[in-house]
Structures are given as C-alpha cells and as structure tokens.
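J.: These are the residues of each chain, in order.
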Amino acid sequence: MHLKSLLLVALLLTGRSLLAGDAAPPSRASTLLPEAPKPACCKPAPKPACCPATPAPAEAALPFTAESLYQLDVSFTDDTGKAFNLGELRGRPVALNLFFASCGYACPLTVTDLLSVQANLPADVRERAVFVLVSFDTERDTTAVLAQYRQQRQLDGNWIILRGTDDAVRELAALVGVKYKREADGSFAHSNVVTILNAQGEIVHQRLGLRGGLEETAAALAR
Amino acid sequence: MMPTPNLPTKAAALLLGLALVLPALRASEGPTETQGRVNLPPDVLALPVEQAILTAPPHVPPPITRQHAARVVVHLEVREEIMRLADGVEYTFWTYGGTVPGSFIRIREGDVVEFHLDNHPSSKLPHNIDLHAVTGPGGGATSTFTAPGHSSQFTFKALNPGLYVYHCATAPVPMHIGNGMYGLILVEPKGGLPKVDREYYVMQGEFYTTGRYGEEGLQSFDMAKAIDERPPYVVFNGAVGSLVGDKAVTAKVGETVRIYFGVGGPNVTSSFHVIGEIFDKLWPEGGTKYVQENVQTTLVPSGGATIVEFKVDVPGTFILVDHSLTRAFNKGALGMLKVDGAEDRVIYSGKEVDAVYLGSQAEAGSESSRREAELKAKIAAEIRSNPAIAGLTKEMQIEKGKQVYMGLCFACHQADGKGLPGAFPPLANSDYMLADRDRAVRVVLKGLSGPVTVNGVTFNSVMPPQEAVLTDQQVADVMTYVFNAWGNSGDAFKVDHVKAIRNETR
Amino acid sequence: MRLTVPRFTVLLLAAALGLGAAEPVALVTIPAGTYVPLQRSVKDEPEVKVAAFLLDARPVTNGEFLAFVTANPKWRRSQVSRLFADASYLEHWAGDLEPGPRAPLDAPVVRVSWFAARAYARAHGKRLPTTAEWELAAAAGYTRPDGANDEELSRDLYAWLARPVPAVHRAVATGRPNLHGAYDLHGLVWEWVDDFNTAMVTGESRGDSGLERDLFCGAGAVGAKDTSNYAAFMRSALRSSLKANNTTTSLGFRCAK
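Chains as they are written, first to last, in the numbering used here: chain A, 1 to 223; chain B, 1 to 506; chain C, 1 to 257.
Hints in this document: simulated from the structure, not taken from any laboratory. One thing to keep in mind: the hints can contain errors.
[Said to hold, decoys possible] With a straight-line Cα cutoff of 30 Å, these simulated DSSO-like cross-link-like pairs (lysine-lysine) come out:
1. Lys-247(B) <-> Lys-402(B)
2. Lys-74(C) <-> Lys-82(A)
3. Lys-289(B) <-> Lys-351(B)
4. Lys-74(C) <-> Lys-257(C)
5. Lys-49(C) <-> Lys-82(A)
6. Lys-126(C) <-> Lys-181(A)
7. Lys-338(B) <-> Lys-252(B)
8. Lys-157(B) <-> Lys-190(B)
9. Lys-49(C) <-> Lys-181(A)
10. Lys-394(B) <-> Lys-281(B)
11. Lys-338(B) <-> Lys-394(B)
12. Lys-252(B) <-> Lys-351(B)
13. Lys-257(C) <-> Lys-181(A)
14. Lys-446(B) <-> Lys-338(B)
15. Lys-247(B) <-> Lys-281(B)
Small disclaimer: the values here were computed from a predicted structure and weren't measured.
Excised from the complex, chain A in its bound form:
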C-alpha cells in the first residue's frame, strides 16, 4: 500500500507537469535530438570531416527531417579520439558502411569498392562526399587500430572512421538494417550493406551484398 500511495503522488505530479507543459508547449525542436553544426543551405563544401569542425551552437536550431538518421541520439569517437556526432555530417552526401578492422574478406572488398566509387565521382561531388566506416568491434578496434587502418588503406580526409559503444553501434546497425553477430573467435558475421545518405541524413540508396552496384552507389551520392 505504501508503494502504491507513493506512486499515486508520482502520477499526480506527472499530471501536473503535463498541465504545465501544455500551458507552455515545448517547441518541436526542443524535443528533438542534438543538432548539426550548420544548415545545409548556407555554407558550401564544409571542411573535410577528418578535422572535426567545432559545432556552432547558434546554428543548431533547425530540426532534422523525419527520416533523418541523424536523429539517432548516440555519439561515436573517430580515429583521432575525438567525439563525433553523426549530425555533423549534415549537408553532405554520405556513404556509410559498418565493418571491423580485422575482417579478412568482405570489409576490405567493400572499402576497395568505395575507394573506386570515390575516385570516379565527378570532382564537385568527390569534394563533398563523405565515406563513413563504423566498427562493430567495440573491443579490438581501438582509436589506434582505426588510425592504422586509415593509413594502411590510404583513406583521405573525406573518410571518417568511427567506433562507439555496443549500444550505439547496435542502434545504428538496426537503423540501416545491418545484422551482425560476434563469433566465438572474435570475428563478426555481418550483412554487407552500403548506405547512401543525402544531405539531410535520409537513406536514399542501399547497395546490398558484395557484387556490383557501384554505378548506382555513385549516382546516389551525386544526386
């Protein structure tokens, strides 16, 4: 009974706060997640993502669109050890791929494919397009390992390599429909999906599997 009456009070309070909320309805934006640094329209060709731009809070007012992946309220760390919010990608076309650095077959192939996509993009698109790799391997893919991966694969400043918590990776994977599972030997079974995001962070194309589809992927980036 004691617990129940406590809860009753709690619920009544909740009701009150609701009333208060209703009296001064929160702006839609305030209910949304942290914002990207700048609206897409205003500044052409943001800096390469490798050198994380300092978010400009003043410009963070514009909400993400309803289908923007950037609504995902999780943060990652890049291969320099800096915190990285996916919303920072707003305004640029993005090719997103989940991977793990010690992968012996599928991931290297995908990276090779993406490098060739990048090389063959029209110059103006190539300048804007960002290639994002997010690691499944939250244990072994440390910042150092990811930095080494960048070096090995000679990934330029338009490539962003991220690691995150299990939670963050799992929610991102769920959003782009990637299934993965850690095997007993520490490697990962995973589906291969390259996801193309538009300037708003909305999925505009997905390349499934390991074969072909590079033209469509490039076209989606240039769209």
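Based on the hints, put chains B and C in the right spot on chain A.
T.: Showing chains B and C alone in chain A's frame:
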C-alpha cells in the same frame, strides 16, 4: 547466388558465406525500399496491366482468353482465423485470403506478375509464400517474408506453364502448412487449356489436432502428432464436409468436368479417386501434357497437383475420395460431385435384380437348376419376409439395421444421427420422425422433398426414395435401428408394415 | 492540448486501483546457465554460457508505458519519429496519453518498437535481455528446469499458439509463474530481445538455402539442434522478420538488469 568457393582458406569461405547471406531487409514503412522496385524493360512496361481475379475454393477463375502476356497484379492477404474444421470442432487456420486452401490464382505463361503479400496486423507470426510456379530462390519465399502488419512485394515472370502449389515457407514450415497455408496457382500455357464445361478447385491437407477426430471445441496444433505424421483429420478444402450436401460441386449430364486437385500436406500424399467415374484425361503432377487417359486413381504428392478431366454421362452423386480409405472413412477426405440430368440406363441401369444366391451343384444353366434356384429364392424370400421364421429379435433387427444405416444413410444423417445443420435433418430425437411411424417408413421408401420442420428447424433438401434399393426386411431393420439409436426408443418395425406401405400406391 | 478529465481519471484510477503502473515490477533472478542456440555457425560454441541476471517478472504494461511516454514526449504516438517506430506504433491506444479500452493498464503494452523498448529500459536503468538470456529464462517449466518436458507448459503454450491475437490482451501475471518466478514468458505476447537483429539465419527456411552446408549445417531446420521445438522456431522466425522500428499486435517486452 553463391560464388564458387575457390578461396584459399576455410575461414575465408566462411566469411564469404556469411557476407552474402543476408541482404538487409527494410519495411516499406521505413526510410528505404528493400531492393527497390525492379526496372522493367520497355517491352514489359508496354504490356497491359490487369488485377488478377482470385477465387475461393471450390471455384476457379475464368479461363484466360487473351492471346498475349500481361502484367498481372496479385494481392494476397494472410489472415489467422478461427474457422470450422468439423461439426463442433474449431481450429485457428492460417490462411491465404481467408480460406483453406488459399485463393486460386490464374495467370498465363509469359505474364509478369507483381505479387503483393499482405500480412494482416492481427497475425501473431511472420509469413511468406513459396510459389512453385516461380523460377528463383525460394520461389518468392525470401522476398515475401513479412512481419505481422506488413506487406511485401516482388515480381516474377511465369516462365513455365502448369498447375502449381503455393505454400508458406516460414519456419516451422510443417506447422504453417499444417495450419492451412497452401493453395494453387495455374499458369495457363500460351494456347490455353481445352475448353470444358465446369472447373473446380479441390485441395487435400491434413490437420494435427490435439483432440481425436470429432472431439469438440477449439483444437490446438499437436506438434508430436505432426512429427509422427498421425493426423486425426485428412480433409478436402479445409474442413470435414466442405464439399458435401449443399456444398457439393455440381454438373449436368453430358458436361465435361475438370478438377484442379492439389495436396498441401504437409505430409500425406493422396490416392485421388472419384467413385463411379474414370478420368478421361489426366495431366499427371500438374504438368502441361495430358499424357494419360482412362485413369481410375492418381497419386498426388504432398506439395504437388494434378489436373483431371472427365465427362459425366449419368446422373447421381459421385464421391471424391483419397482412396487410402481410412482417410476418407475416418478422417474426412470425402467430397461429392452431384450430377443432374436424365438417366441413361444403358450406361448405368441402377440395381436391376436382388436375388438370393445359394450356389448350385446342378449343372449351370440346366432347366432343373433354374427351377431349383427359383424355388430356393421363393423360400428365401418367404423366410426373409417373416421375422418369426427368420427368428429375428428386435436386437438382431437393430444390428442388421445398423449395417444398413452405416452403408447408406450415415453419409447424410451422420453416424451420430444428428444430420448436417442446414442440409440434412437429424434423426436423433427427431420430433418429425418419432411422431409418425407410417410416415417415417413412407419417407424411406418413397423419398421426400420440399420443406420439412424438424425440432423447430426447417430443412429443404431431398431424401431419395429407397424402395428400389432396400428390401422390406432391410427397411424394417433400419427403421428399428434409427428408432432405437441415439436415445430414441420404439418398437421393432415389422416387415408386413413396410410391405403395406410399399404397396400403398401400387 | 489540454489535459482532459478522462485522461486524468485514467491516471488516478490506475494508481488508486493498483493497476498496471501502480504495482512496480518485481525482478526475478535467473540463475546462470547455458543456452543452446536454435541455429548456429560452426564458429559458435555449441552452448552459450549465460551469467546469472535479473529479469522483470512480467512484461511491461500499458500503465507503465503510459508513465514513460508521459515523461518522455518524444515517445508519444504523435511525436515519435517514423525512423524509430512505424505507423502502427501504439495504434490501438485511444490517444497519446490515453491507452483506452483496447489497452487496459494492467495488460502488456504491444505495438512498441525495439527502439522504444530500449528507450524505456534505459529510462528505468535497465536493458532488454539478450536472446540467450530470454531463452534461458523461458526454458524453465512451471515446476521443472526443463520446460520442454513440462507437459502442462507445452499444452498451455500450444493452446496459446492455436489462438489468434485477441483484440484486448489479458492482464499480466495472472497465469502461472515458471520455476524462476517469471510470468508470461509464454502464452501472452512475444517479447523483444536486445540482439533480435543478430540472427544470421533468417528463420525463413528458403532464404537460408544459399548457406554453406558446413557453415550452418544446412538450411532452416537442418541446422537446428532440436527440430521439434516449434515454438522456438516461431520466435526465431518472428525476430528475423522484424525491423527495429516495427511493431505488431502481439509483440511487447520486459526489461533485464
């Protein structure tokens, strides 16, 4: 789909296997298409678009008359529903289109089919469809794997004509099929099939209920019985009696009937047979050549189909059975084709003579043997018509009457005497029958048609006359039985009584 | 957007009557054990060791979820992003903050997405159980650890499977608890697990036909250790059919710790 596994190490092969296994799937609800709509070439886009006509069993969509391919749009809805499996027995069927078997789909060879599978929001489970008419991995199963409250779409080209089974292929597959998820899709060959007067759709499937055959109430799926392949029910079109009485399929004398017959299973094959008919033409296993003529019984595999065609020459009721007969007699695999029209007694006379046969030591055909036979028949007839001489007690009459009943009457009035609601009146505790013993005998001998009210319920069906079929003794016996079975109670019927009524109008 | 009297009354009633939200959920201890995956790759251990953990004794109720969406507006039906919950999210509720007659406060909340379930768990300092944890907890019978051999449990489970989804779910924790004291793991609603999207075998038999035989020991049932556990196949098929923003009329969740 799989690349050649010529990779150096097993580990690499394993990775490769995994890598290609799972393309990401997304709901149309979500931000992106699964694989995106197919880009159809101009010649396909130029084809006329039509909505497929789907029919519930036992009906078949009309033949396709167009001489060209089309883009056909099919919408099939999956619903999990409680329906009748037998009288007093309910079951939660998983259906394509709300019926078992599912809707009949009819398309033409070369058609490009845009297939939509809609899984109703009230479904407990994901479902999909494997159409045996589809050329491609899983027959569409992977592409149509659909969560409750979702809809999937895929496109296929009907390359091969024929009659094909479709079914759910979601694990555990035997349970999905065992709950009714199967149907037929006909891909007509370019020239079409020969024209016939009547087409019907019949599928056999078995049901693994926790209760034994006839046990009333809502039955559950019994996994152990399924694994042991011990189905209490083997039925046509999803329920006991789905094709009998007023639900029988019909034809007229002189017409040609084609039956598209499939077996959903999940396990039991069918020895499909129509009692009193011969399949004039047979397309075995649903193929497009009729390679066999004059077939009595055809074996139809689980997950297979067949096309049979026959002309009906005489009127009467023709019984469809699985000739693995306990399934017909004890488990429900029985249907009826009722044929109306004029008798042709040359083709089929009906019973002409019923005489006692005692055998003979005399030389066959001799004058004396004939006379002896006549005398013996006369004596036998006298004995038969006199219960005192025959020494029949009421109990013996009941026993003999029961045999008559189980051979003749039970199909309509049922073994439990309860009849079939809406079709055949009950005999158990029947106020109509028990009220008038003369009338009861008269109905059996002379038949009865037109409305009749039994226990407050009006029936309007036909009781065929039995005077040409049953002897007076048999009538007396069966009357004694029905007046003393299922809680009824009454005196034995005498042969003289029957004889008197038989002679009433003569 | 004024707080209407009925809505308020609902809250009051919920608390006063001790329904749904008013009875805080008990956690039961699921002792350490092993889970034998239905299907596994050759790289997997044949058995997954599962450490002891705490599990909600019953699924989350409408009443509890109401309190959650009240406190977290972005998870209300009218405000949730389609990315995180599809169009049928809480569709049976009468309103944003009004479960209504089709969602009694003491009945399990259904039509919730994986994202929503996770957010709820996080807000309560909990998480969703993993597949291995959930299956371990659910493997127990009413009175014996091996539920597969508990005939009463099997009968109840298949009786539930044999019925369509009811228009209104019954209250939680009104049936029999299992050996660990957990209610409704079988026979009420399906439940989300945290790693629902790890299943590399789809549960859709045909989709797996391309698998290397030595990888998954063949397709569908062929790779399964116990092919007679149809209920486990159904759970596996359901999980693999879902996307993280999906909701269904018979899919709820409970939390673990």
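J.: Please name the hints from earlier in the document that this structure breaks, with their numbers sorted from lowest to highest.
T.: Numbers 3, 5, 10, 11, in rising order.
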